[in-house]
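Novice: Here's the letter readout for the chains.
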Amino acid sequence: MSDKRQSLGDAIAAHVHDADAIALGLALESGIPFAAVHELIRQRRRDLTLIGPISDMAFDQLIGAGCVTRVIAAWVGNVAGGSGYCFRRALEQGIPHPITVEEHSNFTVGLGLKAAAMGVPYLPTLTGIGSDIVRDHPRIRPQDDPFGGPPLLAVGAIRPDVTIVHTQRADRHGNAHLWGNLGLTLEGVYAARRTIVTCEEIVADEVIRSDPNRTVIPGLLVDAVVEVPGGALPASVQGYWRRDFETFLGYHGRSRTLEGYRAWLDEWVLGIASRDAYLAHLGQPALDRLRVRDQRLAAAANFAP
Amino acid sequence: MSAIATYTRRELMVVAAGREIHDREVVFVGMRLPLLGFGLAKATHAPEAVGLFENGIIRDRPAEAFIYTMGDPPNIAGALACVGLLDVMSLLQQGRVDVGFIGGAEVDPLGNLNTTWAGGEGRPVRLPGSGGGQDIASLAQRTVLIMEHEPRRFRERVSYVTSPGHFPGRRRGGPATLITTLGVFDLRQGRFRLRSLHPEVSLAHVRAATGFAVESDGTPAVTEPPTQEELAYIRHADPQGFWTGDHRGKGGD
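Chain order of the listed sequences is A and B. If you count by this note's numbering, then the first sequence holds residues 1 to 305, one letter each, in order. If you count by this note's numbering, then the second sequence holds residues 1001 to 1253, one letter each, in order.
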């Protein structure tokens, strides 16, 4: 397999284009690829469609930065804080410009991605019957059960141009180990035309092969793999980083006003050259608090033939 | 089991939520207060309950430390399984979840919840959206709703149905209980009946804070206050009062 290692800047430049549909935040609250999100903002991507289940704060930042014209998601906000103020400003006041939202639930986002991942045009479901979300929906339609049962809803395939995920470790070919809850990570990767993996560590090929059940993302689906320690902060990464709740809450407070959001963006994204600079700006006391240093190792699994 | 006089309104809501979980049930645990309610039930009267979290966590122990979200590391460590969102949603869709918890910004007498667009009279306010709420409301065997009790939130008809309540042709489940900052309500059969008033809350207060008729039989019961054991668990799980402090808490926005 080929060596797919790239710098974050090069990976975003090569694989994410204006007007792409990007899936991220697929594990829900953990492992959100914030380093890649901030690089998208610095590279001034425009007219993006964002796809994801709940998008804790990441979608809000991209919307506020003017990168987004469409959102396909179940929830946009700040999980511990509440509202996403950039999302609200865009929808209530058209600031910085109007965006459209294709409303979903977590299940229907997942079914749309799964349909694309399976190579079928839609999947049937029972969720949403009686909800206003599915009324006149562009991608969710009533469907008769061909086997004669009660009516269903059909969720059309959602195909991202690019899926971006952050995992604990990967080899240079992009075969990636991920542990902790998976959310829609598999569906998002299998559905996408291209995938970028950012990870805490790039490890030797044999480390990945030692535990193939933990290889959630096969490298054949990956276009670029980028070593970005701390690349999900302020989101948590099991075994590496705790949740940086102060940054989530600080952003929630500061983004309440447009001026506050712009100052936050200047301080934490536009005025920051790289993830290393982000970590330096967080400061050593915060890093010491967030870094997981304890070990609770899983029992080894014997793969001897 | 003696009651303690000093507790916050939110601590009482967590206790009421925990009491909606019966032992050995499969619980779809929502965001915010239900995270604590599930742990409380596990630590007290429902030791054999199992929790499903929409991010793919299945666990039968309370989180190992304070959590802001279901994805925080103390909710993953010691889990029974970490799977995908579609796996737990599929169990929900099969009907294998006994009870699910959802919050909302607006509710109506049928238990319809709105978490999408609010503000009928004033300028519309965009809310975060469904998350897993629509799915839990559609597919759980019964749902427990948790709400701030304010007149603007209790409407004759919500302006947008994000998470469906009772409607003709519903295949299963529907809202069973509503827990608010003022009381506990029974929503079964599409009726809106007072089950209990929280201590020091009057029926007149509830009626004034509710934009539609509330059924009440005779003298209303009073919500059973938290026990020492229940409060001890909550204060261990939320030591700073982030979720349960009436004044200190920041998590209710």
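Keep in mind the hints are simulated off the structure, nothing from the lab. Since we're looking at a predicted model, the values are computed, not measured. A hint or two may mislead.
Claimed, not checked - Pair by pair, the computed Cβ-Cβ distance ranges are:
(1) Glu1048/B with Arg296/A: 48 to 56 angstroms
(2) Ala300/A with Glu1224/B: 27 to 35 angstroms
(3) Arg1193/B with Leu220/A: 55 to 63 angstroms
(4) Ala286/A with Glu1064/B: 44 to 52 angstroms
(5) Glu1200/B with Met118/A: 51 to 59 angstroms
(6) Gly271/A with Gly1169/B: 54 to 62 angstroms
As the list claims (entries may be wrong) - If you want the ones that stay clear, here's a sample from chain A, every Cβ over 12 angstroms from chain B, calculated:
(7) Ala27
(8) Arg70
(9) Gly84
(10) Gly119
Ideal Cβ placement from N, Cα and C applies to all residues, glycine included.
Novice: The structure should be examined with respect to each hint, and the outcome stated for every one.
Specialist: Against the structure, the hints come out as follows:
1. Glu1048/B with Arg296/A: 48 to 56 angstroms: violated, 25 angstroms
2. Ala300/A with Glu1224/B: 27 to 35 angstroms: violated, 49 angstroms
3. Arg1193/B with Leu220/A: 55 to 63 angstroms: At 58 angstroms between Cβs, range holds.
4. Ala286/A with Glu1064/B: 44 to 52 angstroms: With a Cβ separation near 22 angstroms, Ala286/A and Glu1064/B fall outside 44 to 52 angstroms, so the hint is violated.
5. Glu1200/B with Met118/A: 51 to 59 angstroms: holds, 56 angstroms
6. Gly271/A with Gly1169/B: 54 to 62 angstroms: At 56 angstroms between Cβs, range holds.
7. Ala27: violated, 7 angstroms
8. Arg70: holds, 14 angstroms
9. Gly84: Violated, since 7 angstroms does not exceed 12 angstroms.
10. Gly119: The assertion about Gly119/A holds, with a minimum of 16 angstroms to chain B.
Hint compliance for this structure: hints 1, 2, 4, 7, 9 are not met, and every other hint is.
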